[in-house]
Amino acid sequence: MKETYTRYERARIIGARALQISMGAPLLIRTSKIDPLEIALEEFQQNVIPITVKRK
Amino acid sequence: MYYKMQLADKVRVPPHRLGEDLTRVILDVLQEHLEGSIDKEIGIFIAITKVQKIGEGEIVPGDGAVYYDVDFEAVVLRLALQEVLEGLVVETTSFGAFVSLGPIDAMLHVSQISDEYINYDEKNARLICQESKRFIGVGEPVRVRVVTLSLNEREPRDSKIGLTMRQSGLGTARWLEEDMLKEKEKEKERGGERGGR
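Chains as they are written, first to last, in my numbering: chain A, 1 to 56; chain B, 1001 to 1197.
Check the hints yourself; a few may be wrong.
In silico lysine-lysine, DSBU-like type, Cα no more than 35 Å apart, as pairs [what the hints assert, rightly or not]:
1. A:LYS33 / B:LYS1182
2. B:LYS1053 / A:LYS56
3. B:LYS1160 / B:LYS1188
4. A:LYS54 / A:LYS33
5. B:LYS1010 / A:LYS56
6. B:LYS1010 / A:LYS33
7. B:LYS1160 / A:LYS54
8. B:LYS1050 / A:LYS54
9. B:LYS1184 / A:LYS56
10. B:LYS1160 / B:LYS1040
These are calculated hints, taken from the structure and not from any lab test.
As the structure is a computational prediction, the values presented were derived from the model and not from experiment.
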């Protein structure tokens, strides 16, 4: 089942992933982009980010 | 005494190692972090041997790292007061001898070596008992008892462990052997007397 995230959750996931990338995490897609935030956005659009949200 | 322990901890996996094998990375991080460190309750960490269970990872705001709950197996040395140990003399000084217990050195003060007066023979690096002429030199195996324990968690090297040999059954291997022979001879004498009657 594909999860649907709120805009806050999306921001948190993309933000966390961008920080990971900026700190040297390996990329999950092939891209020509350089900015970590843009790479994270692209990864999110392709649905490859291995991060989920724990809802309380 | 050495213990094999099951422990649980939170481990920070840095982002630049996320692509690697997780078990391997976690083992590395744990080893880097814990080996050689001291915890007052657990003891001195000697080695992290196995990662047993890796739980769910968590991402904390402000840090790109992932934090995993991990169960792992470690070998620790937990010294107890009054514990009897065997070690090797690594250095002698005018105030006593340093005894290696393996992962850590301990101090055997001159006052705790024997009931006799002790002289320090600087040339031969030996501590000599004045009356019986027994001595302790570098490299000798000794049996000792732990009498003071002051472990420093922040600076493991500043930890102080005090030993004693001033009790029967304690001493260098040679002393113990001599004592044993004496004891046997005494027993023989006693046995002979009884037989003669």
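Verification of the supplied hints:
1. Proposed proximity of A:LYS33 and B:LYS1182 is contradicted: the alpha carbons are some 85 Å apart, above 35 Å.
2. Of the supplied pair hints, the one linking B:LYS1053 and A:LYS56 holds, its CA atoms being roughly 24 Å apart against a limit of 35 Å.
3. Distance check on the hinted pair: B:LYS1160 and B:LYS1188 sit about 44 Å apart at the alpha-carbon level, beyond 35 Å; violated.
4. Distance hint between A:LYS54 and A:LYS33 is fulfilled; the C-alpha atoms sit about 30 Å from each other, no more than 35 Å.
5. Distance restraint check for B:LYS1010 and A:LYS56: the Cα-Cα separation of roughly 21 Å lies within the 35 Å cut-off, and the hinted pair is therefore satisfied.
6. A distance of roughly 34 Å separates the Cα atoms of B:LYS1010 and A:LYS33; the hinted pair therefore holds under the 35 Å criterion.
7. The hinted pair formed by B:LYS1160 and A:LYS54 fails the criterion: a straight-line CA distance of about 47 Å is larger than 35 Å.
8. With a C-alpha separation of about 29 Å, the suggested pair B:LYS1050 and A:LYS54 falls inside the 35 Å cut-off, and the hint holds.
9. In summary, the hint linking B:LYS1184 to A:LYS56 is not supported, as the alpha carbons are separated by about 75 Å, beyond the 35 Å threshold.
10. Proximity of B:LYS1160 to B:LYS1040 is assessed by CA-CA distance (about 13 Å); at most 35 Å being required, the pair is judged to hold.
Checked against the numbered hints above, the structure violates hints 1, 3, 7, 9; every other hint is satisfied.
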